[in-house]
Amino acid sequence: MLTDGRFDTSTLALDFPLQPSHLAVVLQVAIPVLILLVTRRSSHAFAIAGLFSFLGLAAAVALLVQQTRGGAVISPDSIGELPLGPGIDVPLHLQVDRLSVLVAVAVGLVSWAVQLFTRWYLYSDPRYRQFASAVGLFTAAMELVVLSGDVLLILVGWELMGWCSYLLIGHESERPKARRAAYKAFIVTRIADAPLVIGLAILSLGAHSTGIDAILRHWSAAADAHGTALTAALLCLICAVAGKSAQVPFQDWLPDAMEGPTPASALIHAATMVAAGTVVLGKLVTLLELSDTARVVLALVASISMVGAGVLAFLQHDLKRLLAWSTVSQVGLMLLGLAVVSADQTADLGIAHLLSHAMFKALLFLMIGWLSVVVSGTTVERLSGALSKHPEARRMVGIGLLALAGVPPLVGFVSKDLIVDEAARRGIDGDFTARIAFAALICVVLLTAAYTMRMWLILIHRTGSQRVQVREWVEDSYDVQDVGIVEMLTDLPQVDIHGRPTDRTAPIELPDDLELADQQPGGGARFGLQLLALLSVVGGLLVLSPMLDVDWKHPNVWLIGASLLLMGAVGLLVRLMSVGTVYGDAAARVPLFVRASASRGFAVDSLYVAFGRSIVALAQAVSRLDDVLDRGVQRLPALSATVVRRADRLHTHRPTSGLVAVSVGLVAVGLMGVILW
Amino acid sequence: MIHSALPMIVVGLLFGIGLYGVLARRNAVLVLIGVELMLAAAGLLFVTVGSLTSDAMRAGQVMTIFVITIAAAEIAVALGVILAVFRARGNIDMAQAGERE
Amino acid sequence: MKLTYDWLLLAPVLFPAIGSVLLLVIDAVAPRLGRVHWAIAAVLLLAGAAAAVPGTLPSADNPRRTLCLPPNTCLYAVDHVGVGLQLTALVSGAVVALLALPIRVPAERAAVQATLVLAATAGATGVVAARDLGSWLVMLELATLPAIALVALRARRAAVDGALALLTTSLVSFAITAMGAALWFAATGSALFSGDAVLHASNDPDSRRILVLAVVFIVAGLAFKISLVPFHAWTPEAFGGASVPIGAFLAVTSKVAALAALLVIFRGVTVLGTSALAAIGVLSALSMTLGNLMALREKKTLRFLAWSTVSQAGWVVLPLATVSSRAVRSAAAYLIVYAVATLVAFIVVTALAHADGREHATRLSSYGGLLQRRPLLAVTLALALLTLMGLPPAVIGLVAKVAAIGPVAGSRLWVLAIIAAINAMLGVAVYLRWLRILFGARKDPDNPEALHPVHQTLVIVGALALVVTSIAPHSLLQLVGR
Amino acid sequence: MVAALFAAPLAPVVAGLALVVGDRSIRSVSRHTAYIVSLVAMLASLLASIVVAYDRPVLDRQWVPEVGMRLHLAVDGISVPLLLMTAAVGVLVVLHARHEQPAGGTPATFFGCLLLVIGGGIATFLVQDAISFFLAFEVVLVPMWVLINRFGDRRDPRERARAAGTFVLYTVLGSTLMLVGILTMSFAAGTTDLAGLAANPMSPGKQTAVAALLLIGLGIKVPMWPLHSWLPRAHTVAPTAGSILLAAVLLKMGTYGVVRLVVAPLPDGVERLAPYVGTCAVIGIIWGGLVCLVERSLKRLVAWSSVAHMGFVLLGLMSGTTIGLQAALFANIAHGVISALLFAVVGGLKHRWGDDDLDTARRSLRDVSPRLSLALVIGFAASMGLPGLAGFWGEVLAIFGAWTPGGDRPTGWFRVLAMFASLGAVLAAGYALRVLRIVWHGPAEGGLPPEPEPAGDARGNEWLVTSVLSAATIVLGVIPLILLQTTSGAVDQLMAVIGR
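Residue numbers (the numbering used here), protein chains in the order written: chain C, 1 to 677; chain E, 1 to 101; chain H, 1 to 482; chain D, 1 to 500.
Hints were generated in silico from the structure; no laboratory data involved.
Some hints here could point you the wrong way.
[Unchecked claim] Derived Cβ-Cβ restraints for the label pairs, each shown as a range:
#, chain 1, residue 1, chain 2, residue 2, range
1, D, 474, C, 125, 22 to 28 Å
2, D, 33, C, 125, 46 to 52 Å
3, C, 613, H, 441, 37 to 43 Å
4, C, 37, D, 31, 31 to 37 Å
5, H, 414, C, 637, 22 to 28 Å
6, D, 370, H, 414, 38 to 44 Å
7, H, 445, D, 161, 22 to 28 Å
8, D, 3, H, 464, 25 to 31 Å
9, D, 370, C, 592, 42 to 48 Å
10, C, 652, H, 441, 32 to 38 Å
11, C, 643, E, 90, 50 to 56 Å
12, C, 652, H, 199, 41 to 47 Å
13, C, 643, D, 161, 17 to 23 Å
Note that CB positions come from ideal geometry on N, CA and C, so glycine has one too.
Full structure from sequences and hints, please.
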């Protein structure tokens with residue numbers, strides 16, 4: 001198909017309408033299409049999903065190589081330019097630059113790993129096909145956002161991701177909680193998206209084009225003239241980003257999203273949905289630097305979410321939710337990375353952290369999924385000591401947690417430290433935003449250390465007996481998820497320090513872990529996990545590559561040292577707190593009611609519910625009003641009937657009445673003639 | 001045309017009286033008489049105007065004769081109908097409601 | 001002074017006029033011929049119609065005059081519109097005669113009825129062409145008085161009551177009309193409806209005032225015959241009482257006469273501007289609304305048709321609220337379409353009444369399931385009703401509606417136009433009632449008989465007429481010229 | 001090729017009339033005959049429409065000179081998509097009617113009325129003469145009335161009669177008002193030709209009056225808030241095929257009329273009225289969305305969503321910009337396809353359930369009948385404006401268009417309208433997910449999914465219809481270009497005329 005002239009082997013440049021950038025999206029789309037059209041069997045579905053998501057990854061990698069060798073097409077067309085008149089041109093083209101390429105690869109990689117893992121995780125699920133398709137579509141949407149050079153395409157991918165998250169979270173739709181979580185996730189993000197359309201309208205109509213490059217060009221020039229418009233547009237965007245990235249005040253949908261199967265959580269949290277906000281703002285970061293208001297708002301939102309989420313993460317009783325909150329916190333970190341960059345700088349800091357976060361967070365979620373299958377549950381009681389039997393799992397979880405905590409030289413450390421450095425540097429230069437960011441960053445560094453430490457301690461805690469009672473108390477994973485965490489906290493059977501129940505004397509038989517031992521993912525899945533783990537370790541080297549343009553040569557050694565010391569101290573503190581607790585849970589020292597309300601996310605949900613209630617009340621009022629309107633219309637016949645009855649009474653069948661009518665008419669007509677004359 | 005005022009007034013009176021008769025009377029024959037009065041008013045007006053204007057065709061007088069003739073024809077039909085009514089009802093009360101079929 | 005005569009031009013009037021005398025003679029010579037009279041009447045009327053046809057040709061000069069006095073005052077003139085109206089009157093008269101043909105009545109009555117129909121048709125045909133007060137008044141009454149007798153002749157209590165109502169109203173109205181004529185004469189000083197006399201009169205404020213008064217009186221007098229509200233009280237009574245063909249006669253032929261008479265005046269007063277004619281707009285709005293509303297609750301077929309006539313009369317005079325030659329044509333066009341549709345409806349009712357018995361045709365409910373019982377009748381009736389509604393597939397009705405609203409919208413009488421729109425809606429509601437019954441549950445009469453062949457042919461012809469005119473409305477509308 | 005111009009509308013109309021008239025008793029025309037006849041007629045009509053769409057023939061002849069009515073048939077970029085959609089939907093409707101033929105009358109009458117409605121729709125999009133347009137507009141009324149009144153929901157005869165009556169009276173009132181407007185315009189312009197109407201020398205004031213009249217008249221058909229109250233009734237009662245036609249054909253006639261009779265010939269009037277009409281449109285969007293959040297009857301809910309979507313179309317039309325017009329025309333077609341799909345599915349569900357009450361708990365559709373549930377999901381996802389499906393482009397672009405309105409319309413106010421419209425999109429998501437949560441996800445009590453009933457799923461014609469419509473929805477969403485390019489040329493001309 002390809003002649004030599006069309007394919008340059010050195011730069012891999014490809015003179016052909018179909019570019020790797022297209023393939024990165026299309027191959028992922030092919031998964032749902034093929035699965036829904038071709039097959040009805042899970043095994044075939046897995047074959048398709050695995051193959052095509054790998055191909056998609058391959059396409060992304062090819063694109064990366066092209067990019068490095070300078071053979072990539074900068075802005076390939078997608079579905080063609082829309083003819084919308086002279087007022088605006090809608091190129092709908094893609095845009096390939098180094099950052100987007102990197103993110104694309106990361107997305108493809110995570111998605112592939114998730115596909116591999118899902119097969120094992122949902123082996124006996126009748127709806128595996130739908131799940132795999134949704135994952136494919138989800139990845140495609142994210143790749144579209146990453147690679148798009150047109151705000152409308154961004155919008156397309158953006159909304160599609162929301163929809164896929166709805167499908168994935170609601171996968172086990174037999175469970176009311178899953179249904180509710182899916183509904184909540186979609187509605188909350190959709191509400192936050194309402195301003196997005198407006199913001200994009202402002203930007204693109206101002207620039208008379210929806211192409212990102214044109215928008216950047218126009219607004220960089222017109223920033224002084226139309227500063228307010230720019231700020232308004234950016235605020236709209238930030239609102240939408242806060243929604244998708246679960247920042248304040250939209251944060252509460254994310255922990256609920258844990259109702260979805262763990263692979264879905266991995267996908268949503270690691271690479272795709274929550275990261276999309278960072279990607280989009282990264283594309284427009286030059287505009288962000290032009291509007292201080294927007295930067296401050298972004299920094300505030302990110303800082304508050306970051307710190308608050310860190311606290312909540314430490315107090316969570318469900319470790320999966322702990323990871324969820326940590327995601328919120330980490331995404332806030334990325335956004336700060338965008339907020340603190342100085343002018344004439346690109347979004348590398350944020351993107352770098354996005355990449356590293358993608359690696360270790362995917363790893364952690366998949367591991368939690370694995371463990372949750374092993375111990376059938378994700379609460380502290382279940383997972384306490386789960387790692388004691390699986391060295392492999394232990395290694396990977398350790399790597400993941402270290403990366404999350406930002407311990408050198410793991411990837412998390414590199415990316416996070418770069419942001420902290422930048423914030424410090426600009427803070428010293430006297431940039432207000434950077435100062436807020438720096439303060440928040442310090443808190444977060446410590447909080448992260450705290451909750452990672454706590455999680456680690458729980459996981460490696462060595463007591464078997466308590467888990468028995470928990471297992472008696474909750475039968476299987478479905479129920480675990482249905483049991484209100486808070487109830488579990490309050491009415492668990494009391495046990496003493498050695499885990500013997502205070503109220504029962506029967507001998508406790510230790511659980512036979514044989515049936516647990518073989519519960520580990522297949523080779524493919526494990527390979528994916530190991531790959532992620534590897535990248536979490538060495539991914540930091542990426543900053544040395546020309547792909548990322550970050551200033552790594554002058555690290556602020558003192559700052560690093562100080563933060564490491566503090567982290568160590570916090571770790572020690574947590575260890576001390578955990579000593580003597582039943583499940584090795586440091587948070588157990590915190591009063592119960594605090595933990596309870598923290599597990600509820602400080603009851604933000606009730607606010608959402610109240611909001612929804614008010615809307616429904618309004619809706620009821622409107623429909624009542626409409627009934628009134630309708631009844632009014634329907635009363636017209638009756639009205640005419642009464643008129644007719646009146647008229648009928650005038651028509652006595654007497655000749656005289658006719659005569660009277662005639663003379664009346666004569667007079668009336670006469671008057672009319674005279675008056676109007 | 002001051003000397004034409006009197007006939008005009010008479011015309012008005014006749015027409016008014018006739019109309020009143022039509023409205024006030026219940027007996028069909030009296031109603032007929034009322035109509036006759038109104039027609040007479042019309043005829044009078046014709047004559048008056050005709051006498052005032054010089055018309056080659058003597059339209060005024062001719063029209064009066066026309067009106068009288070038509071009136072006669074009407075009365076013929078009217079009496080016939082009234083007779084039928086009297087046969088059917090036994091009275092010729094105009095204020096009595098007709099029956100629906 | 002000597003008159004010029006153009007017998008061919010006078011033929012449409014002369015045929016029925018002489019015919020009526022002829023019938024009387026025949027009856028005197030050979031009494032008790034019964035329905036033969038009707039046959040003769042029909043033939044004569046059709047002959048008259050045939051005589052009128054040449055006038056409809058576009059080539060015919062417009063208007064065509066006769067009975068001219070030197071220098072050039074003509075007492076008889078027909079333009080295209082006039083010819084169209086004459087044709088309608090004659091054909092409808094013929095249809096009435098044919099409808100009455102199979103109906104069994106006392107033999108001596110048939111002759112009288114036929115005579116009266118002929119006379120009245122002659123009057124209707126003549127008033128179209130009358131150009132002077134005298135013949136105008138005479139022809140008008142000639143068209144009216146026989147109608148009263150015709151109603152009364154069905155010697156039933158209801159018929160007599162109807163006749164009484166009709167009689168009294170018509171007498172008073174005639175008196176009013178005569179008064180109006182007299183005022184007109186007083187204002188213009190001439191007995192001719194000549195435009196220049198009116199123009200001359202309208203220049204002098206006094207006589208102009210009188211003229212307006214005259215027009216108002218005449219309009220009031222004629223409104224009774226067109227049965228505009230509030231001069232309509234006789235309509236349901238007379239329709240309900242009279243025999244069905246006579247109802248058709250009242251609904252169509254005498255309406256033609258009335259509109260023709262109105263148009264004669266209208267042509268004269270166009271120079272006055274709309275002032276005198278605003279009254280017509282109001283009357284038409286009133287009649288449309290009241291007629292539709294009353295028809296909404298009416299349960300008797302004939303009274304229903306009467307009310308529909310009232311509302312349709314409103315539509316007929318609607319264009320006359322504006323002053324233009326277009327208005328005249330539109331009114332005439334609507335009247336013709338209305339005439340066709342109403343005639344067809346009456347044909348169906350008559351046929352049914354004759355086959356199943358009157359009591360099975362005078363109640364709307366007795367039309368239940370007619371589609372399955374007598375599909376031919378049902379489809380024809382449905383077409384007629386759709387035409388009156390002005391909804392497709394009866395395109396002709398829709399076109400008529402367009403024609404009627406056209407002048408009003410053109411001269412931007414918003415209020416009137418909107419009232420017309422509302423009444424279009426009411427009209428649909430009205431006729432849908434009957435349509436629903438037609439397609440609804442079946443109700444069989446006790447002893448249904450086959451349709452009389454004459455009626456059958458008439459029904460088929462009527463249906464064909466509606467279909468053809470719906471496909472090519474032009475063929476019907478060109479009667480009133482371009 | 002001119003023959004195609006006649007064949008497209010006349011094939012269904014003639015066949016329909018033949019069926020209705022020839023239908024005297026159950027015995028006279030069997031259901032199968034009726035089905036075959038109508039299918040053949042519709043296929044012929046579809047073929048003819050395609051020929052017309054490609055060949056663009058023109059026919060212009062004198063018809064009724066007395067009222068200046070010409071027989072002028074032609075198509076342009078604006079009417080071609082509507083023409084094709086109407087014909088295609090017509091075929092689908094006939095197929096669907098074979099699958100689900102409601103009681104209440106004979107099959108011949110049912111199919112006949114369907115064909116008449118479709119033929120009327122096709123004629124509407126073909127004629128280029130204002131008065132013939134009115135004629136074609138009226139053609140659909142009586143058959144639609146019969147469809148609702150006789151073949152509607154069997155449960156409540158009185159409600160049936162009321163719905164049918166409300167529909168026909170409302171629409172007649174609207175179209176007669178439209179007629180008044182048309183006549184005024186044609187009187188001023190001296191022609192009844194749609195293209196020629198633009199040459200009317202009316203002053204802005206008069207234009208405003210006429211435009212108001214026309215917008216009220218057409219707004220009833222569209223329907224524009226607050227003239228909408230006939231729509232939910234009619235949809236709730238009408239048989240499935242009737243609802244599909246109502247949504248996919250009749251409503252489109254209204255918007256098409258707005259484009260042809262108001263936007264094109266009366267730019268000044270529209271410019272003055274645009275803020276008010278736009279406000280009504282946005283109120284309709286919000287209103288419909290809110291009602292959908294609490295509506296219990298599924299069919300009513302879909303009908304209400306139509307009100308909301310047509311609000312977007314009107315908003316785009318009123319914006320007076322190329323992008324707004326393009327968006328409106330796109331949203332018009334998109335709504336036709338989507339609502340047709342939704343009504344097909346929902347009608348099927350109502351057929352299976354016996355009623356369409358959302359409060360009665362049922363087994364989750366995704367387990368009972370996967371095919372229907374897939375169609376349902378696609379339909380509602382599209383109706384909430386999800387990208388990749390037909391609903392997205394029209395609505396987003398309509399908001400874009402309203403953000404910078406053309407002419408000297410009040411920009412600030414239109415921006416407010418745009419914001420509220422985007423909120424309307426959120427509401428759409430709200431009710432769409434509400435339905436999916438109740439119907440697709442199933443009842444609140446959990447447990448393992450019950451085993452699916454193969455009998456409950458879509459088969460044969462129904463499956464064919466729903467899948468074709470779903471495919472159309474996806475194609476329109478993924479490749480909006482096919483539609484936008486068709487309309488763009490005509491829209492540019494239109495804008496040039498308006499800009500005079």
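Here's how the hints hold up against the structure:
For the pair residue 474(D) and residue 125(C), the beta carbons lie near 26 Å from each other, so the given range of 22 to 28 Å is met. Taking 46 to 52 Å as the suggested C-beta distance range, the pair residue 33(D) and residue 125(C) conforms, at roughly 50 Å. The hint said 37 to 43 Å for the Cβ distance between residue 613(C) and residue 441(H), and at roughly 50 Å that hint is violated. Checked against the given bound of 31 to 37 Å, the beta carbons of residue 37(C) and residue 31(D), roughly 34 Å apart, stay inside it.
For the pair residue 414(H) and residue 637(C), the beta carbons lie near 26 Å from each other, so the given range of 22 to 28 Å is met. For residue 370(D) and residue 414(H), the hinted distance range of 38 to 44 Å is not satisfied, since their beta carbons lie about 57 Å from each other. A hinted range of 22 to 28 Å for the beta carbons of residue 445(H) and residue 161(D) is consistent with their spacing of about 26 Å. Look at residue 3(D) against residue 464(H): about 26 Å separates their beta carbons, and that is inside 25 to 31 Å.
At about 46 Å, the beta-carbon gap between residue 370(D) and residue 592(C) stays in the expected band of 42 to 48 Å. The hinted range of 32 to 38 Å is satisfied by residue 652(C) and residue 441(H), whose Cβ atoms lie roughly 34 Å apart. Distance hint check for residue 643(C) and residue 90(E): the Cβ-Cβ separation is about 37 Å, which falls outside the suggested range of 50 to 56 Å. The hint said 41 to 47 Å for the Cβ distance between residue 652(C) and residue 199(H), and at roughly 45 Å that hint holds.
In this structure the hint that residue 643(C) and residue 161(D) lie 17 to 23 Å apart at CB holds, the actual value being about 21 Å.
Comparing the model with each numbered hint stated earlier shows that hints 3, 6, 11 do not hold.
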